[in-house]
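A.B. asks: Residues per chain are reported as follows:
Protein chains: 6
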Amino acid sequence: MTRKDGREANELRSVTIERGWSEQAEGSALISFGRTKVLCTASFTNGVPRWLAGKGKGWVTAEYAMLPRSTNDRMDRESVKGKIGGRTHEISRLIGRSLRAVIDTKALGENTIVIDCDVLQADGGTRTAAITGAYVALVDAIEWGRSKGFIGKNAKAVIDSVAAVSVGIVDGEPLLDLAYVEDVRAETDMNVVMTGRGLFVEVQGTAEGAPFDRRELDSLLDLALSGGTELTALQTSALSS
Amino acid sequence: MTRKDGREANELRSVTIERGWSEQAEGSALISFGRTKVLCTASFTNGVPRWLAGKGKGWVTAEYAMLPRSTNDRMDRESVKGKIGGRTHEISRLIGRSLRAVIDTKALGENTIVIDCDVLQADGGTRTAAITGAYVALVDAIEWGRSKGFIGKNAKAVIDSVAAVSVGIVDGEPLLDLAYVEDVRAETDMNVVMTGRGLFVEVQGTAEGAPFDRRELDSLLDLALSGGTELTALQTSALSS
Amino acid sequence: MTRKDGREANELRSVTIERGWSEQAEGSALISFGRTKVLCTASFTNGVPRWLAGKGKGWVTAEYAMLPRSTNDRMDRESVKGKIGGRTHEISRLIGRSLRAVIDTKALGENTIVIDCDVLQADGGTRTAAITGAYVALVDAIEWGRSKGFIGKNAKAVIDSVAAVSVGIVDGEPLLDLAYVEDVRAETDMNVVMTGRGLFVEVQGTAEGAPFDRRELDSLLDLALSGGTELTALQTSALSS
Amino acid sequence: MTRKDGREANELRSVTIERGWSEQAEGSALISFGRTKVLCTASFTNGVPRWLAGKGKGWVTAEYAMLPRSTNDRMDRESVKGKIGGRTHEISRLIGRSLRAVIDTKALGENTIVIDCDVLQADGGTRTAAITGAYVALVDAIEWGRSKGFIGKNAKAVIDSVAAVSVGIVDGEPLLDLAYVEDVRAETDMNVVMTGRGLFVEVQGTAEGAPFDRRELDSLLDLALSGGTELTALQTSALSS
Amino acid sequence: MTRKDGREANELRSVTIERGWSEQAEGSALISFGRTKVLCTASFTNGVPRWLAGKGKGWVTAEYAMLPRSTNDRMDRESVKGKIGGRTHEISRLIGRSLRAVIDTKALGENTIVIDCDVLQADGGTRTAAITGAYVALVDAIEWGRSKGFIGKNAKAVIDSVAAVSVGIVDGEPLLDLAYVEDVRAETDMNVVMTGRGLFVEVQGTAEGAPFDRRELDSLLDLALSGGTELTALQTSALSS
Amino acid sequence: MTRKDGREANELRSVTIERGWSEQAEGSALISFGRTKVLCTASFTNGVPRWLAGKGKGWVTAEYAMLPRSTNDRMDRESVKGKIGGRTHEISRLIGRSLRAVIDTKALGENTIVIDCDVLQADGGTRTAAITGAYVALVDAIEWGRSKGFIGKNAKAVIDSVAAVSVGIVDGEPLLDLAYVEDVRAETDMNVVMTGRGLFVEVQGTAEGAPFDRRELDSLLDLALSGGTELTALQTSALSS
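Same order as they appear, the protein sequences are chains A, B, C, D, E and F. Take the first sequence: its letters are residues 1 to 241, numbered as in the working numbering. Take the second sequence: its letters are residues 242 to 482, numbered as in the working numbering. Take the third sequence: its letters are residues 483 to 723, numbered as in the working numbering. Take the fourth sequence: its letters are residues 724 to 964, numbered as in the working numbering. Take the fifth sequence: its letters are residues 965 to 1205, numbered as in the working numbering. Take the sixth sequence: its letters are residues 1206 to 1446, numbered as in the working numbering.
I should point out that these hints are in silico values taken from the structure, not numbers from a laboratory. Computed from a predicted structure; not experimentally measured. Don't be surprised by glycine CBs; every beta carbon is placed ideally from N, CA and C. Watch out, some of these pointers could steer you wrong.
Here are the simulated lysine-lysine pairs, DSS-like style, with alpha carbons at most 30 Å apart [what the hints assert, rightly or not]:
1) LYS81/A x LYS1209/F
2) LYS539/C x LYS322/B
3) LYS156/A x LYS57/A
4) LYS322/B x LYS55/A
The calculated label-pair distances, taken between Cβ atoms and stated as ranges, are [to be verified]:
5) GLY413/B x ALA9/A: 33 to 39 Å
6) ASP1177/E x ASN1215/F: 17 to 23 Å
7) GLY536/C x ASP936/D: 30 to 36 Å
8) THR711/C x LYS871/D: 55 to 61 Å
9) VAL1389/F x MET557/C: 33 to 39 Å
10) GLU505/C x GLY413/B: 28 to 34 Å
11) VAL1145/E x ARG50/A: 40 to 46 Å
12) LYS871/D x ARG1420/F: 23 to 29 Å
Make a model of the complete structure from these sequences and hints.
C.D. replies: As structure tokens, this is what we get:
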């Protein structure tokens, strides 16, 4: 079976990372997973929220949102509706947890980094693209903080890299990095967040159609880990350019 | 190692299901996982939301909430704050998806069932208790609908049972059904939603501390499946009494 | 005339008070007036809101809410609607005022007690059951505060007991403690909050149908006072067990 | 004892009713109880809310609000805060119920009247002034509806008049129509809504300080009824001018 | 051409300013532009918002709102809707900016004045009437602050006066001070805020129908400046009475 | 005087228009005015809002928003705050009015176009860039609608082009197209919306510091018109490529 866009089952879409896209944020990246485009900016503030003050630890958090016409049909703005939907909340929390998993908050010191992930165009995999791009923006914001003297010269605030990819079972076949047309037809959909060392940070598998068995779960994890390796390489390359 | 409450690593807390606790709902269950108590009520309405009308399918959805003093420290009410937090949204959506995974919406017909899961007392595992209790309430509401003629006599609306349990790694050891004191210390925390046939509906694993590897993931899934089998038996027993 | 449930005009429904129902709150009571069930929890905090600080006085407040399926037909959650309805506000304020009427806030010292009254099942008289149960929870929270040294050993913080009951005129006859089916048919509906000594804290009479005259008002007050005496005895008994 | 403003205990403040103050509303009155000034407008719409449609009945409802600087200290606007406070809700509901008590909704036909009571200046008794003025605006709106043919020529939509006054016990003495300085010192505060025939629509007595006994309640009701008689005469006079 | 109400093209409606209408605000004015009536109150507070503290400067801000039945058809209350509309926001900001343009905030000292402009009756030109009346209330509040010693005896806090008027092109003819019936038919609508010295503070011209050219713009500005001169005289007269 | 970025007083920043940036919207443009970047998307829907139905007219509206880190300091998201600020409202309304000024809604037919203008990076002039880019997106969406048969083949829905530019007086000198550093120092700030034929749609001048006189107003309008001519040429070029 070949996929609609000609990819192999275990093939990522074309992934590009434009590091430093924003001229104003302390770190930023415009990441594309095929037609999915997410602008990730990292805002560095010296100091921490009140509830964390005086503990010698930093804080990293994230907010995710979609532009109203990032999708095929225009969605109402959450600011106009006056409340944030469940899906938005859920993804914002996922991105924040994923990033914190690779940060040593003691080494970060009493500094706060807020990562904004705004989806400019959506074609499936927006949350995984967001996490993958957010890591790049985060690293740059930390280096900015170090250059300003807010973080110790040798403080190892970043203890591993983190990336994410979606996998799913479509027509019985496990596929890597689902595009929107695949996502809506998937029987099982899984988002996997992994570190550069190949450890899991989050595994979120959902039966959209029929429940899945252990063997299917295993094959999806295999696919995800191989995709994660590729994404890690792309992040490394973007950060060294 | 013995656990604080004397349980073995692979032992559930005492689980009780008071079916029909509410005298007014079409289905209900007050479920306890140890000190965690969740009141699940199912409200049956003939008809479906407008966006689903005319498709010959039913709808099942869920709302989760905690009483302000279900926890050790009182939380502000979400109704008073004027908005629902991310965690509440996330769990409501999880419960709804979990229940829909075992429902044949065509067989349900154009009927809507809303499941409310209100946590009266919280000691860890509120979402897994909620799913496990909600299934019992849901089955009773469907039978109520059948008795009123809203669902066909032989329509097989429920295609499997569904239950959920938390597992986690605490001090390096995989444990089943975490109590609150264990949950806050867990390095990895996983919620697993399973059907009576042993298939997965949702697998949500999160590294709270260090990321986890494939072997740890596997041992957690083993534990979860064994707990799922026990919960299925308790549901069956409650529904046959 | 006998009432639908066989009671005499001046007879309360079966009232039960499960003191200490919650294992986590500083005081609690699950109270039933017939099928009406309200869970009352009291949360004790050392210290007072900013606007009261430094005056040597404590604060007691209350919040009332109904579970969405406590009623015959499911109501939308106020947290989901994003705002609290007028009735909820009104009853929360009534419960708070009623409790403060029997508290010496100087003797309470700079401590705050929040009473949550959550209606688990509603069959008329939820606000009166809430007040009656809240008093029991409040007394226990105060004793907890005393045991922790936050309140002076001999400080007489509770100066009287308080209980409440509904009365109304149905088909021309004054009735005590209206069940829901009676409440909806009442021409006049009155909620009376009384102290253990037989004094009034609140008298709220409303003509639902035709306006009422002075003689009717008097007969309703007579009924309410007799019901109040019984409720006071039940509170005393619950608190001494 | 003479009161601060020289009144006798059983004396109303100077009450004026400027009928037809608004040139645009179907009925209106600017009412003053001393320095308290409330603008009441009645908006007539042919038709009823959806939940009442097809029953041959009309609907009367009310909204109460205070201008931010109607009080001695400026209050934040409820529109800016984004939610309506409990007190506002409570008073809006009280006004609505009071007016509906004297309306025959069948005779009103399928018409809706919304009464807005906006407090321009507040010096105690705003809710009682609002009810008293709202009645005048309501009658005019009904006559407007009749003149347009929306209400039958001989339909007796208004079955009685309605007015309201506050009474309270200050320094042990029962007083009629409390000004703000009296209200804040009152031990007991009662709002009484009465019809022109001297029947009660609402009796809301609250112990602000010590609870009150039956004898005090009786003396307050006596005062209120005498004040009601005067207010009824003023309404009649305004409506006949 | 004569206008519907008999005015000349360059004629203001009858303008009245009842200075000191409110007995409680530090400054107030009830201003009428024909049937348009706006109650302007100024609330003086010693001190400034936190973001301005310690800079030796004062703050002046404004809030505008319409009573629900100030208009021909009743509007829903913004407090009930739970949010403020764009038009309300826009006008509140305009009034605030207009007043600040004639205030020397250094001379005002660390004091805050909030101007509330509540439209009691609307017949076009509510924002311009509000600005014109607000200036009078503001001056009185500043004098109140001076009399209490919060503002220096000789501090020249008010550096010019400010007034506003609408102009527009109706059926090709430039008109001054549009009434509602003219406003809805205007091809171009302009609000001009001017100082007593004839300088511009705000010029807001909008093509409601066809775009306008430079010559039309000029003729509208001429009209506005002549109206401004008259309004300045009326303000001076009100403030000297 | 030369400006900080080396421009002449009457020189625009470098303006680029990437037409069709979004692959999903019916029309789109990513427009830059120097470092200011705004993504404009146009969403076409056959049909109109209910209040306009059956009149044979179309509707064009706009929503403006800034990404939280489009600015130098991160702003809170309006969706998280739960309400839209006054400035956002004001600009959304301005964009909508500006576009409608060049549309013949009869020729558009019963179709709705929503223009979203999301500021990706802000360096002054975001509202003027938004209007200028929105026009390009709007034209493409109309052509899309025509190609689908929703708009008549020869229907002249667009009657003129529209563009906008800011002008202001900085240190006494009138400047075209203010960058952020100029904007904050401007004594007077004016946004001018013009058609391709050189007519005004909106003129919004504000004295940020001292009020301005007629001569200053005239020189600003001259500058704006010259800038408008250039922008019109750039729009024409983008639409013909």
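A.B. asks: Take the hints in turn and mark each one as holding or not.
C.D. replies: Checked hints:
1. LYS81/A x LYS1209/F: violated (41 Å)
2. LYS539/C x LYS322/B: holds (26 Å)
3. LYS156/A x LYS57/A: holds (13 Å)
4. LYS322/B x LYS55/A: Holds, at roughly 28 Å.
5. GLY413/B x ALA9/A: 33 to 39 Å: holds (36 Å)
6. ASP1177/E x ASN1215/F: 17 to 23 Å: holds (21 Å)
7. GLY536/C x ASP936/D: 30 to 36 Å: Holds: the Cβ-Cβ distance is about 35 Å, inside 30 to 36 Å.
8. THR711/C x LYS871/D: 55 to 61 Å: holds (56 Å)
9. VAL1389/F x MET557/C: 33 to 39 Å: For MET557/C against VAL1389/F, whose Cβ atoms are near 51 Å apart, the range 33 to 39 Å is violated.
10. GLU505/C x GLY413/B: 28 to 34 Å: Given range 28 to 34 Å: holds, Cβ gap about 30 Å.
11. VAL1145/E x ARG50/A: 40 to 46 Å: With Cβ atoms ~55 Å apart, the hint is violated.
12. LYS871/D x ARG1420/F: 23 to 29 Å: The hint (23 to 29 Å, Cβ to Cβ) is violated, given that LYS871/D and ARG1420/F are roughly 56 Å apart.
Of the hints listed earlier, those the structure fails to meet are numbers 1, 9, 11 and 12, in rising order.
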